[in-house]
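Protein chains in written order, with the numbering used here: chain D, 1 to 774; chain F, 1001 to 1507.
Honestly, the hints are just simulated from the structure, not real lab data.
Ideal Cβ placement from N, Cα and C applies to all residues, glycine included.
Hints may be right or wrong, so weigh each one.
Here are the simulated distance ranges between beta carbons [what the hints assert, rightly or not]:
1) Asp632/D to Leu1365/F: 55 to 61 Å
2) Pro214/D to Phe1075/F: 22 to 28 Å
3) Leu660/D to Glu1359/F: 47 to 53 Å
Covered, in the sense of this in silico footprint (three residues per stretch, anywhere, with C-beta under 8 Å from a C-beta of chain D), are these stretches of chain F [claimed, not checked]:
4) 1410-1423
5) 1485-1496
SDA-like cross-link-like pairs, simulated, lysine to any residue; straight-line CA separation at most 25 Å [claimed, not checked]:
6) Lys1304/F to Glu275/D
7) Lys176/D to Val1385/F
8) Lys176/D to Lys1304/F
9) Lys169/D to Arg1453/F
10) Lys169/D to Leu1365/F
11) Lys1110/F to Leu1365/F
12) Lys1304/F to Asn1451/F
13) Lys176/D to Asp1447/F
14) Lys169/D to Asp663/D
15) Lys1304/F to Tyr1079/F
16) Lys213/D to Glu275/D
17) Lys169/D to Ile1428/F
18) Lys1448/F to Ser1498/F
19) Lys1304/F to Tyr1436/F
20) Lys176/D to Ile1428/F
21) Lys176/D to Met1366/F
22) Lys1304/F to Glu173/D
23) Lys1304/F to Tyr672/D
24) Lys176/D to Ala654/D
25) Lys169/D to Lys1110/F
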Amino acid sequence: MENFFDLVPLIVLIPLIGMLVNLFAGRQIGERGVAIVAVGASSLAFLIAVILWIAQVQTGYEPGVVDMPLLADWISVPSAGLRIPWEFRVDTLSVTMMLVVTGVGSLIHLYAVGYMHGDARFPRFFVYLNLFLVFMLILVTGNNFLMMFVGWEGVGLCSFLLIGFWFDKPGGEGWKNSDAARKAFIVNRVGDFGLILGMLMTFWTFGTLDYYKPGEAPLAAHHEAEAEAPVFAPQFPQEEHAEPEGPLGVFNQAQLWLDEGGHEVDFGLVTLSFETTLTIITLLFLLGATGKSAQIPLFVWLPDAMAGPTPVSALIHAATMVTAGVYMMVRSNVFYEASTTASFVVTLIGASTAIVAGFIAVGQWDIKRVLAYSTVSQLGFMVAAVGVGAYAAAMFHLVTHAFFKALLFLGSGSVIHGMEHGHHHLTDHDVEDHKHVPPHEHAPQVETERFDPQDMRNMGGLRHKMPGTYWTYIFGTLALAGIIPFAGFWSKDEILVDALRLGLDENRLDGYIAFALLLTAAAFTAFYMWRQVSMVFYGQPRTPAAEHAEESGPVMLVPLIVLAGLSLIGGFMNIPSGFPLLGRIFGEHQFTSWLEHSVVNAHAAGFLWLLATVAVLLAAGAIIAARVIYNDRALRQLTDDPLEANERTAGAFALANAKLYWDEFYFSTIVYPYQRAARWLADRLDWAFWHDFVHDRVIGSSFQWATEMLSNPIDRGIIDRAFDGLARLVHNLAARVRTIQTGYVRTYALGVAFGALLILVIALLPVLRDLLGL
Amino acid sequence: MEDISLVTVVLMLPLVGFFPLVFVRSLTDQTIRWLTLTVSIITFGASLLLLRNFDSNQAGLQMVTDWEWISAGSFTIRYFVGVDGISIWLVLLSTFIMPLAILFSFTSIKERPRLYYALLLLMEWAMIGVFIAQDLFLFYVFWEVTLVPMYFLIGIWGSEDRIYAAIKFFLYTMAGSLLMLVAILWLGNEAGTFAVPDIIAQIQSGELSFDVSTERLLFLGFAIAFAIKVPMWPLHSWLPDAHVQAPTAGSVILAGVLLKMGTYGFVRFNLPMFPEASRDFAPYIAVLAVIGIIYGAWVSYGQKDVKKLVAYSSISHLGFVMLGIFALNSAGIQGGILQMVNHGISTGGLFLLVGMLYERRHTKLMSAFGGIWAAMPLFSGISLVIVLSSMGLPGLNGFVGEFTILVGSAGSDVLSIWFTVFASLGIILAAVYMLYMFNTVYMGALDKEENRRLPDLHWQELWALIPILIMVFAIGLQAGYFFDFMDNSVSQLVEQVSGSVVATAGR
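Pulled out of the complex, with its shape left as it was, chain F reads as follows (with noise of 0.2 Å):
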């Protein structure tokens, strides 16, 4: 347990690109670009190896680094760090979008590309150490960490109303973040420790319990910070003004990885140290999912600008995610954590595009193009190919994700069918504001003379759009693959969660 873990080394990766673009002033913007590029694809490559050195039979922690960090009295702080089949995935996602977006930042981000990509490494950093952080106060510091970044990213480099977007983001997240921290006190100081896998172990054994009101406000306490996150609604109203005032890779990063933070927090905290809790609320929470997954897509179908409308359309997935990991069963939380990558590969590829289209005309209404099927193919075709993944076409990434969500929510002990049934309502109403966009922007005549002359995707945009596609096959294909390696921790939660037998199928 003390040795350096390959996970402390892909968390310290980023920092390596990080400190030279800090202290280094005599950088080229070139070689800032490139420097930082090649970080982030070594420390996806490092993550890589993640995946071969893990023991998917292994329900527990793997790679484990424990260092103490903070030591007084009767409470230590630990740098404590880890995956399991719950954070591998997510590590993964994160350090796979970092490097298509700094990509696609070659061309789009002129101003202060020193800081930029400083700021972009510093966030991969902290995103990576928050979804493998085991200790308490450790999770927090990344957590908080991962704000500021995201705070000058839209600040600096937004749109026009990137101040009070960044402000708003910033003070909504924060909200909820000392309310997780108050509960965090008040958890480490009941368990004497702030370790997760500890304090679980506690509450398991039942040497740590509390009563119902407690634990119901300790749940909250978390609950309510994560749901800011992910957005659920109606605690949403930051996302649209962040994502469209953000710059694309900030939208990328934002929807790709920041937002899982919240859903993963769910599974990550609240199910295992609150079971009870969970259990008495998740019909509650269920209800909000749904009511996200149909207003999220009534909403996006009324929108006019492009942006918004993928903002809008990651709530409800996100709801979808949600939904899964309080059906409180295997099926739903690995379709969740699955639907959570896929929403990352799916959602960070339409804000990619949708930045490509306004690098082209500058706009974003939908009303502005028409018809650029003719004018851009290739970049029309890979488009169609994210559409389809985002509504859940079967064979690509997004299907696996909602049908197992769904297998585990019409199968739960504590969600009433109806919930599967609204949930489903979503899968026409995502066909309905994907298509209208699809139609609007890139089908019908090309009637507008600006759109006539596009030019179709250049080399760096064309690599930042590969590995998604690849992804979008790779997942909708062979999703067995990725539910290989989180089954035995899934399992070990339900079972946590439950107290009682996994859910399994053919009762």
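Bound-form chain D, shown alone (with noise of 0.2 Å):
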């Protein structure tokens, strides 16, 4: 089975061709052409993928390397020790993600043939799409943090091209969505300026930049072995523990550095402790971390990024890309393990990015970013989880929340469908029959020069127009609010719990932290989702759009209801110990005991009833809250948010309906005071001073008054004539004369060139003198 292993590189490949025959032939081939090749680019992918997982079973989940074919080394200088070779890495990890990243990414390159339908740049679309699916599998498959790098930058690339698709739209938008592709690309280089240093400093502790070398097994810690956790201990480190020879991949070094204890690090002109460089590290990673996936202080780029077509926010924004600092971080959990600083601080940025996000989501008017807060705020439980060291709870809500969340921008891109046929049938009829447009006098945007068919105020009562997408809808939602059964419940729950017992059983005052926040978070949650249901699809149509909204076909539906039904099941494959019933159906914990043996530090979470129960309750408090506060009777005209009538809540609706001006703050703080010194230095600084006054002012009148010195009355008749013409040129050098006729130039040029010889005469003339002897 291990040989099966040799078909990991096939993964990024196969993409690419598609990418490549879509690029070069996509006009030819015609739009089924292209969406054959491209789903049948990222089905094939899945289904490696698969064979990858079946064979990981097979083997006994032991980790491969695989090298990529045709390819030498990247990077290689051996004389400074550092190679980076293009390996792929399989392992439970980065199986998981390659099934998400293709499983999810099938579904959504299956929805978008229906989405772009028609669409003047379809292929490129699709292009774009393969692309970034191939460096997504090379982001989590490389054995390298270099080749992760690789992936990372290069689905920022991707996200850039996507979010900017529409570069073109007329009326301005155009505008606004390329802004948005560029703020997304450049507040991620300020993660990367983390994640740099961070493998550079990597670097120069480990000589190595691979996570583990071709044949190392993870080794697990000393101090976790000997604890609890008894049920769950990796099942091979024991006898590989002997000393494992040749250079160590990074987390295998590290372990033994902190098991070893009293490791220092020498990095040229300071000395460290290893544990401070661990801390050091982590807190570089986190940086890059926040910027990929969103978190305070970077995630301002992630609302903006929903300009780009609704499948990519589905795919890009909110299943895949956005969690691969999740995933690096996971990745690289033994270095988290050991930092209690860095962890503490990973907690709390997670934690407060989740409340936060949950807090302006309610706020919102758009229904992509309601979603896009929302996102923000889930990729903060993940982070939060990494913090308080639940590492497999923090992969497993990152699988389940890629279904949910693919589902819901699918079903919200299924709506702004809808709306956008409903107000097509509108304008057509308009044409030809405008008496019989019923009139609306409450509905706020209508018949406006811009129609905006996100904009939930202009929804209502689509439950009855559009049946499969408010179902699959709702599947989504309440996965997400984290309802029992469904998927999010059972990841939302053990981050919880995790968070939980790191306050119960360490006494940790992050872990208590991390379990208030994200209970909250988890409320606003459930508000904010049942906020956005009931303005979408209950109560009556608040336009004329939504009252001919139409369903979508199939080839939306299919891949909505299947998500759906994903949403329901998925999250029994790691039901927790002592859960009744599910777990002798499903099996106890079965998706922490395989990621276990490529994550060291994972470890499972038990249940508690209380906790469950009460976040059950919270969540589904906060949905009936939701609906009662959005009634029927308060749906019917939507000018204002009845959270914005009420006086007690108006403020607070404002703030979040405002964003809590956090791009204000950056703007104000950092962006224009950049663009301003820019100017300052362009204009004033480099030019005006440094050029035109230095330059030209101070040095070029002098040198011309004393060449004028030496050329004029001095020696005339002794120096030649070209000096001379020097000396002019220097004078017209400094009156700027701009119009000189070809000839001139000429003349002017063979003079300098005169001069230069003569000054080389005159500098040589003592070693004239020397080698003639003088």
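Need the complex rebuilt from these two chains, each delivered in its own frame; the hints are there to steer you.
This is how it looks when you write it as structure tokens:
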């Protein structure tokens, strides 16, 4: 079965081929051909992921390292000890990610065939989408940090391209899309800054960037084996614990040094203890993760990223790319486990992001923006999970979130699609038969120049128009809200349990903080989701467009239904121990024990009845509260949000609606000052002062004066005329003659050349004297 | 040592085209163009043979030609040429860039083609000469000769302010060169020879030694000339003028190759000949390099003219190169050398793109464009790749150079970690100005009437860009191959500078 590991390069190459075909032949093969190639490529990749999964199970979860065919080492500077190979890693963690990326990816590819139908750049869209798969799969399968970084930046590029996909929309919208794309890239670059520094430090600490060398098995921590969690101790470390030979990958080396204790790292001019080094590295990595996974302080790009087509939001900005930061931190669990300080910061950032984003989501009108902030918030859950050491729970939530958030985004896309249909229907109708349009006096934005099909105020009552979308959306919402037995319940519960455990068992403050913040965030989640469901699906249509909305076709509905199924049952892969019935049917902690083979610090959480009950009740309460506030009467006209109308909540709502002025803060403190400074540097300092004043005035004219002194009175007869020419030239330089005929130019140029020659001769005089023996 | 080596052949090939252009008056414009292109392509082909004949296990010079040129008394000036791991890629860069610049000129140069193409070939000859000369005097001659064709290229075929720019370029570089000349003469006087390997051997063996201040003076004599050429902040003031005024091919050659003469000079001469001064000055030069990285990027962002933006970005990129070199370890220097090549390819490519835009709209103001991706999809797609390569997207060429440089500077024994931290900021800032350019010019709505009907690439333009794309990916994916050629030469150099063991990872 290990031979099957050799298939792993294909999982990258197949989408690459698909991308190339569509790039060069997309126009020729037509929409159908493009769709077949793109969806085919991603499905084949999924097939390979499944084969690798089976191979993993069959081989007893042994990790494998596979070289890229055709390519030699990527970077190798032997004398510096730097060697970065193109190596793929097959282990349970990477296979998990492969399955999610290609599985959800394939469904979204399929959906996009329907969604993008008729777009002028249909082929290009699928080129980008397949390219995204290429990079995302490099990210998760690479066996060293730098390869991960290739994928990391590559997905960022695809994200940039896809956010700005409609860069040429008229009426300012194109510019908005382009700016959103650029914002995403640049904000991510800020994170990459941390990641690069972290990698540099990792390299100088370990002498390599490889996770594990080929043939090396992950070593579990010593203290971990002695302490609790006897049930799911990794199976193979014991016999292989005998000192491995040769240089080790970073994680095993780190583990050994940690077990030994007292190791120090020499960084040329400073020496740090190994623990401090790890803290710095992990914090730098965290900066990278806050960029890619949209955490405080760098989350601001994700909501704007919704400018891209909806399948992109589902695939890249919800299910896969944005989870890269979480994947990276789980991959580096050995590092994070070792640093309490870093873990504390991680927890704090994750948990506060979860609640801040959850709060902002309540005040949004745009259907996709609500989901975007919801994604930020859920990513906060995952990051916080890493912080409290719940690596398995983080991955678990990553997987389930991929299901239900992809579902919700695709559902919202279906709604938008339906609304646009309704709107088109209407405008077409308008031309022929204006009188029959029903009057909607209260509808806020109807018939103004630009109709916004994403504004939830324009929707309402779509439950009846789009039943398929509605029901799948409900599944997604319940899963996200954490209602038992939907997928989100299990994964969220596991994170909460782990956070609480950290507080209770180890008496760590960050455990309590995380628990409190996350529980509150979970309540917010249920509330804003049901607010959305009410505004979109319940009540009566508030615009003609909503009235004429149409259900999407089967190409779009089938992925919705599959994802709805996964949102329902996806959680059963990791039933906590002690849960009745279901545990017996599906097995307990299946997912965790699978993951433990590659994530050495993964551990299974127990189940706390009280906690689960409280969480579910809280969520249910929030849902009911949302429905009570957004009742049918309130939904009839929605110029104001009911929260806005209520005096006690108006302030909070305005704050959420303005996104806490986070963007404004960055603009006024960073962006505008940087722009102003750039202009000042460019125009004033570099040009007016340095270029014009210093060079032309001070140097230029004094040189002119000097040459005139030399050439005119002193030695007109002695020095060649060419020198004179030089002086005149310099004179002209200062005067900045703009228009000189070409013939003139040559004369002057020759003058300069002669002058230069002369200077040479003068300068050479001593040597000539020497040479001539004088 | 007496035979004509392949290196000499490569050097002389451009002259094979140069002389007919100068002396045969009856050539038609078309013949002139194709003759020049053919000669430059043959030169490139011959330089590829250099790669084949190069033995990367050897650290020293290869394919050497060593003839006596001028001999008088105790002095001998030699025609002494050869390549090693440090120079081979730069020779190839020169011969690679040249056909592209020529091809692009086919349509854009209509005045006085004979003179123009003759100057280009003269330029190529001198550039190759600079990178292969192993005699200080010979080096100086080539170094000065490069000025002449570039002076005329800017002065005759440039834009409005060309005279000013040409003279400034000339005088600025000349000022540095004179200092270098003094240093060369001084050094030659002391050593009794101008041959660089001999001087290095004398210095390494202790046979020739200077007191601290003399060594520093000599170091500075070379360093100032090179720093002007690079250009290092704050000696960069000639660069925007020269770049903005130069015709496209001139900018491509200037950015692609001429600037590298400065950084190359540091590696070739300053480090091995003045090791102690190099170590002493390293932090100061690195400070200027890091200032250059940030300053160049920042000022780039403040530009309205796209060509000026690219010009200032060179200051930033070459700051990285200088930082790598003065990390004084193997990773830094090799990263620096590779980054010289990368910058030549990416920025050369960017200038080609700017030239193509200018040909179409006769303006270089970014605000005149917008949304041209919709009008020129092929051009814009290729532009995107080159922009990304310049921004250092991993998998493309710019990244491997930058990353290796940063590995070097982070592990340097002479630079503190803060240099690396601030230099890495340049990675963010590069995205800021590059995407600003890309957004304003290529993205957004196609809302200007003049831009709607812009023609996409024609074949010369396409063929000028395709080799660049190939190299962008080749270096980006297989940098190991390129480092392989330099490794031995550079580790020898590092030993010479540090006088002790090569710094490696995993201490």
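Each hint, compared with the structure:
no.	hint	result
1	Asp632/D to Leu1365/F: 55 to 61 Å	holds (57 Å)
2	Pro214/D to Phe1075/F: 22 to 28 Å	violated (59 Å)
3	Leu660/D to Glu1359/F: 47 to 53 Å	holds (49 Å)
4	1410-1423	holds (count 9)
5	1485-1496	holds (count 5)
6	Lys1304/F to Glu275/D	violated (48 Å)
7	Lys176/D to Val1385/F	holds (23 Å)
8	Lys176/D to Lys1304/F	holds (20 Å)
9	Lys169/D to Arg1453/F	holds (18 Å)
10	Lys169/D to Leu1365/F	holds (23 Å)
11	Lys1110/F to Leu1365/F	holds (24 Å)
12	Lys1304/F to Asn1451/F	holds (18 Å)
13	Lys176/D to Asp1447/F	holds (14 Å)
14	Lys169/D to Asp663/D	holds (24 Å)
15	Lys1304/F to Tyr1079/F	violated (47 Å)
16	Lys213/D to Glu275/D	holds (22 Å)
17	Lys169/D to Ile1428/F	violated (28 Å)
18	Lys1448/F to Ser1498/F	violated (58 Å)
19	Lys1304/F to Tyr1436/F	holds (11 Å)
20	Lys176/D to Ile1428/F	holds (21 Å)
21	Lys176/D to Met1366/F	holds (18 Å)
22	Lys1304/F to Glu173/D	holds (23 Å)
23	Lys1304/F to Tyr672/D	holds (17 Å)
24	Lys176/D to Ala654/D	holds (23 Å)
25	Lys169/D to Lys1110/F	violated (39 Å)
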